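For the protein sequence lines, the chains are A and B, in the order given. Take 1 as the starting number for the first sequence in full-length UniProt numbering and just add one per residue. Take 1 as the starting number for the second sequence in full-length UniProt numbering and just add one per residue.
Calculated from the structure, these hints are not laboratory results. The structure presented is a predicted model; accordingly, all values stated were derived computationally and were not measured. Do not take every clue at face value.
Unchecked claim - When the alpha-carbon atoms are kept at most 27 Å apart in a straight line, the in silico DSSO-like pairs for lysine-lysine are as follows:
#, chain 1, residue 1, chain 2, residue 2
1, B, K279, A, K221
2, B, K279, B, K292
3, B, K292, A, K219
4, B, K279, A, K219
To be verified - Now the in silico label distances, taken between C-beta atoms and shown as ranges:
#, chain 1, residue 1, chain 2, residue 2, range
5, A, G55, B, D203, 54 to 62 Å
6, B, T281, A, D54, 15 to 23 Å
7, B, P161, A, G55, 53 to 61 Å
8, A, R53, B, Q296, 19 to 27 Å
9, B, A350, A, G228, 47 to 55 Å
10, A, P31, B, T151, 37 to 45 Å
11, B, W317, A, P243, 34 to 42 Å
12, A, A165, B, V98, 56 to 64 Å
13, A, R53, B, T281, 34 to 42 Å
14, B, W317, A, E211, 28 to 36 Å
15, A, P249, B, P273, 35 to 43 Å
16, A, R231, B, K279, 40 to 48 Å
Beta carbons: idealized from backbone N, C-alpha and C, even for Gly.
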Amino acid sequence: MQNALHEAQTIVLLGGTSEIGRAIVEQLVTPATRTLVLACRRPDEANPDEFARDGLNVVTTYFDAAATDTHDPFVRGLAADHGDLDVVVVAFGQLGDQADFDADPQAAAEVVHVNYTGAVTACLATAAQMRRQGHGHITVLSSVAGERARASNYVYGSSKAGIDAFAQGLGDALQGTGVRVTVVRPGFVHSKMTRGMKSAPFATTPRVVGELTAEAMRKGKHTVWTPGILRYVFMTLRHVPRPIFRRLPLG
Amino acid sequence: MGARDQLESHRAELTGFGLTNPSGAVVVDIDDEVAATAIKDLPARGGIARGLGRSYGDPAQNGGGHVLRLAPGSIVVDEQACTATVGAGVSLDDVLRVIVPRGFFVPVTPGTRYVTIGGAVASDIHGKNHHLDGSFGNHVTNIRMMLADTTVVDVGPDDDPELFWATVGGMGLTGLMLEVTFRLLPIETSRISVDTYRLDSLDDVMTEMVASESDFRYSVAWLDLLATGRRVGRGVLTNGAHAVTDQLDPAASNDPLGYAADQIAVMPPLVPPHGVINKLTVKAFNEMWFRKAPRQRTGELQSIPTYFHPLDLVGNWNRVYGAEGFVQYQFHVPDDAVDTMVSIIHRLAAAQLPIFMTVLKRFGPGNPAPLSFPQSGWQLAVDIGVAHRRIGTLLGEFDRMVLAVGGRHYLAKDASMSAETFRRGYPRLAEWQAVRERVDPAGVWASDQSRRLGLT
Ligand SMILES: Cc1cc2nc3c(=O)[nH]c(=O)nc-3n(C[C@H](O)[C@H](O)[C@H](O)COP(=O)(O)OP(=O)(O)OC[C@H]3O[C@@H](n4cnc5c(N)ncnc54)[C@H](O)[C@@H]3O)c2cc1C
Numbered sequence: 001m002q003n004a005l006h007e008a009q010t011i012v013l014l015g016g017t018s019e020i021g022r023a024i025v026e027q028l029v030t031p032a033t034r035t036l037v038l039a040c041r042r043p044d045e046a047n048p049d050e051f052a053r054d055g056l057n058v059v060t061t062y063f064d065a066a067a068t069d070t071h072d073p074f075v076r077g078l079a080a081d082h083g084d085l086d087v088v089v090v091a092f093g094q095l096g097d098q099a100d101f102d103a104d105p106q107a108a109a110e111v112v113h114v115n116y117t118g119a120v121t122a123c124l125a126t127a128a129q130m131r132r133q134g135h136g137h138i139t140v141l142s143s144v145a146g147e148r149a150r151a152s153n154y155v156y157g158s159s160k161a162g163i164d165a166f167a168q169g170l171g172d173a174l175q176g177t178g179v180r181v182t183v184v185r186p187g188f189v190h191s192k193m194t195r196g197m198k199s200a201p202f203a204t205t206p207r208v209v210g211e212l213t214a215e216a217m218r219k220g221k222h223t224v225w226t227p228g229i230l231r232y233v234f235m236t237l238r239h240v241p242r243p244i245f246r247r248l249p250l251g
Numbered sequence: 001m002g003a004r005d006q007l008e009s010h011r012a013e014l015t016g017f018g019l020t021n022p023s024g025a026v027v028v029d030i031d032d033e034v035a036a037t038a039i040k041d042l043p044a045r046g047g048i049a050r051g052l053g054r055s056y057g058d059p060a061q062n063g064g065g066h067v068l069r070l071a072p073g074s075i076v077v078d079e080q081a082c083t084a085t086v087g088a089g090v091s092l093d094d095v096l097r098v099i100v101p102r103g104f105f106v107p108v109t110p111g112t113r114y115v116t117i118g119g120a121v122a123s124d125i126h127g128k129n130h131h132l133d134g135s136f137g138n139h140v141t142n143i144r145m146m147l148a149d150t151t152v153v154d155v156g157p158d159d160d161p162e163l164f165w166a167t168v169g170g171m172g173l174t175g176l177m178l179e180v181t182f183r184l185l186p187i188e189t190s191r192i193s194v195d196t197y198r199l200d201s202l203d204d205v206m207t208e209m210v211a212s213e214s215d216f217r218y219s220v221a222w223l224d225l226l227a228t229g230r231r232v233g234r235g236v237l238t239n240g241a242h243a244v245t246d247q248l249d250p251a252a253s254n255d256p257l258g259y260a261a262d263q264i265a266v267m268p269p270l271v272p273p274h275g276v277i278n279k280l281t282v283k284a285f286n287e288m289w290f291r292k293a294p295r296q297r298t299g300e301l302q303s304i305p306t307y308f309h310p311l312d313l314v315g316n317w318n319r320v321y322g323a324e325g326f327v328q329y330q331f332h333v334p335d336d337a338v339d340t341m342v343s344i345i346h347r348l349a350a351a352q353l354p355i356f357m358t359v360l361k362r363f364g365p366g367n368p369a370p371l372s373f374p375q376s377g378w379q380l381a382v383d384i385g386v387a388h389r390r391i392g393t394l395l396g397e398f399d400r401m402v403l404a405v406g407g408r409h410y411l412a413k414d415a416s417m418s419a420e421t422f423r424r425g426y427p428r429l430a431e432w433q434a435v436r437e438r439v440d441p442a443g444v445w446a447s448d449q450s451r452r453l454g455l456t
C-alpha cells in the first residue's frame, strides 16, 4: 500500500532493462519502498545493484512481453510473493528498423506483438490485480511517435498509437476503482534504443522523463508529455497537411 | 429497522479526511440486525468498520474488500448512573444535542463533533483535557461488539479486559463495535469559561502551559509556525473550564444549558486544484489570528462549538488544500524530551511551510490500551499540504527524532509512516496482536492502514 505522500511500498518494472523505465523507477523509490521487481527477458542483465539501498529488496525475474499467455499468472505470482502491487511501470518495447520491416513483414509483426499485444495483456493482467486490491498505479510508456506516424518509423509509431489509445481507455474504465493509469509520451530520448540515431527537436534524457513522470503520477495526471513542450508541438503537428508533414525534419 | 434479506451495498472510492490515497471497496450499509450477515459475506480481503471518515489517512478504507457503515443507533442516558449507552454509529454531534440540555457533557471531545462513538473508541481519542482526564477509553464501562465469528460479546475494564483494551485504540481490527457505554460529565451550564493568553515566544507558551495545567480542565495552544527569529512558535494559549451558573449573565441564566451547533458556511465544491493555502495566505492568516487574540483575557464565556469545535463552523474545509489533499503529522514525546519537541518546531518553522493548523498540548498518563496514542508529555499536530515536495524527507527525519526519545505517532492521523516507525513507537504491539489472534485468527478485519503498517 502506498502512503499519502505517494511513496510506494512495492514497485514493478516490466521491461526491467529499459533505460527510461529505470529512470522513472529511480524517481519513485523512497525510503518507504520495500520491494522493487525488475522483470525482463534477460534478468542477468538487469543490474539490481544500481538500485541497492538499505531496506530495499531488489528482485530480478524472467518476464517475456511476447509470451502474452504468461502475463496473468505472472502478475498473480508477483502479488502472491510480494503482496499488493502499488506501482507497475510498463516500459518494454522495441523500436525495430523500418528497412528490415520492409524486407521482412514478419519482423514487423514481432515488434507490434511486443509493443501492442504484449502491453495490452500486461496492462490487463495488472489492472485485474489492482482491481482485486482496490488500489494501484499503472504507468504506460507510449511515445510521441504514436501521435502522428512518420515515414521513418510508422510500424513502431502505429504500435504506440495503439497502446496509447488502449491505456487511455483503460484509465477511464478504472475510474472509481482506486486504480490510476498514467500514459507517458516521451519525445526523442537519448538512450540505448536511439544510440546512433539523429537527434530530433526537443530531445530529452531518461532522467528528465523520469522526473516529469513521477511528478505527473503524484498529481494524478492521465498523460504526461516529456518534455512538456511537446504537448503544444503536437497540437500543431496534428493539423499539418501531410505533404508538408512528410518533409518536416523530425528525425 | 427490521431485518433485511439483501444487504445494501455499492462500490466507492474512499479516502480519509486528508483526501489522500484513495482505494476502491464495496461499501455495505448495515445495522445491528444484518451485521452478522454482512460479516459472513466478507470477501478474502476482509472488512473494516467506517464511522464518519474523520481519520486523516486510511484506517477506515479497505481496498478490494468491504467497508461496513453502521447505522446510527439509539442514545440512552442513565442520569442516576451518569452514563450513556450509545450506538457505535451515532455521532458525537447527536450525542451532544441530547445530553447537553440535560446537564451532561462527553468525557472527551476531539476538535470536531463529526465523529462516531465507534470511531472515538477505536482511535481512543483525546481532547483538550487529556492532562487531567485521560482519553476516551478511560471513561468507557462497556463495549458490545460483534466478533469475526459473529458472536456478540460485552467487554469492559473488568470483563475480558484484554479484549476491551485491545479494542480501545484498536482501529476497528478486533471486531465491530455495536454499542458503547461511557461515563458522562455533569455540567451546570453549556458555556465554557475561557482564559486566553497571547504569548510572544515558544518558550513562553510552554512555560505557561506547564504552570497552568493543573488549574484548568481544558488547555491547548495554537502556534504560529511562520513567525521568524525569536518569535518562532509564538502562540495563543486557551485554558477552559465548564462555567457554573453564577458566571452567567442574567439573560443566559434563563437557559443555562441552551445548546445550538450549526455550520455557518460550506466550502464550495470547486476549489482551485492547488488549493488556497500558500505561504502568503497562511502568513496573513497567522498574523491575523495572533493579533486578534487578546494579550490576556480571563473568564470569557464561549459556547461549546466555539471553544471545542471551531473548525466545524465551515463544512468541507479540508478541500482548501486542493486536489492532492493533506496530512496531519501528530506525534508525542515524553516530558524529558522537550528539547526534541522544540527542535522539531524550529525545523518546521525553518522550512517555512504554509501551516496554519498547529496544535500543541500536554498529555497526562496513558491508559492500559496497547495501541492507545497518548502518554505523559507533549504532543504536536500540524496539517501539511501533500503538494509540498520534500515533506517525505522532512517527516522521515522527524520520525527518527521522535522514536529516538521514545515518542510515537497517532494512528488516527497517520497516513504516511512506515511499518518500522509504527512498530518502534508501539512496543506493546505483540501483546495486542496476541489478542487479535484470539478473536480473529483468520484475519477477517483488515484496512489499508493495517496492511501498510503490518498491523495485521
Ligand atoms: C477536524 C478534526 C479534528 C480532530 N481532532 C481530534 C482531537 O482533538 N483528538 C483526537 O483524538 N482525534 C481528533 N481527530 C481524529 C478523530 O477523532 C478520529 O479520527 C476518529 O476516530 C474519527 O471518527 P470517525 O467516526 O470519523 O471514524 P473513522 O475515521 O471512520 O474510523 C476511524 C477508525 O475507527 C474504526 N471504527 C469506526 N467505527 C467502528 C465500529 N463501529 N466498530 C469498530 N471500529 C470502528 C474504523 O475501522 C477506523 O479504524 C480529529 C479529526 C478531525 C477531522
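| task | Sort out whether K221 (chain A) lies within 27 Å of K279 (chain B), counting only the CA atoms. | result | This hinted pair holds, its Cα atoms lying about 25 Å apart.
| field | CB-CB spacing for P243 (chain A) and W317 (chain B) relative to the 34 to 42 Å hint | value | violated (58 Å)
| message | Check whether the Cα positions of K292 (chain B) and K219 (chain A) lie no farther apart than 27 Å. | response | The hint is violated at about 36 Å.
| query | Is the distance from the Cβ of P161 (chain B) to the Cβ of G55 (chain A) consistent with 53 to 61 Å? | reply | Given a distance of about 37 Å, which is not inside 53 to 61 Å, the answer is violated.
| task | Confirm or reject the claim that T281 (chain B) and D54 (chain A) have a C-beta distance inside 15 to 23 Å. | result | violated (40 Å)
| Quick one, are K279 (chain B) and K219 (chain A) close enough, alpha carbons at most 27 Å? | Within the cut-off at roughly 20 Å; holds.
| request: Could you check the hint for me, namely that P249 (chain A) and P273 (chain B) are 35 to 43 Å apart, CB to CB? | output: holds (37 Å)
| Beta-carbon spacing of W317 (chain B) to E211 (chain A) - inside the hinted bounds 28 to 36 Å or not | The hinted range 28 to 36 Å holds for W317 (chain B) and E211 (chain A), with Cβ atoms some 33 Å apart.
| message | A range of 37 to 45 Å was offered for this pair. Does it hold for the Cβ distance of P31 (chain A) and T151 (chain B)? | response | holds (42 Å)
| message | Tell me if the beta carbons of A165 (chain A) and V98 (chain B) are separated by a distance inside 56 to 64 Å. | response | At roughly 58 Å between Cβ atoms, V98 (chain B) and A165 (chain A) fall inside 56 to 64 Å, so the hint holds.
| Between K279 (chain B) and K292 (chain B), does the CA-CA distance stay at or below 27 Å? | Since the Cα atoms of K279 (chain B) and K292 (chain B) sit roughly 19 Å apart, the hinted pair holds (cutoff 27 Å).
| Supplied distance hint 34 to 42 Å, evaluated on CB atoms of R53 (chain A) and T281 (chain B) | holds (38 Å)
Violated hints for the displayed structure, listed by number in ascending order: 3, 5, 6, 7, 8, 9, 11 and 16.
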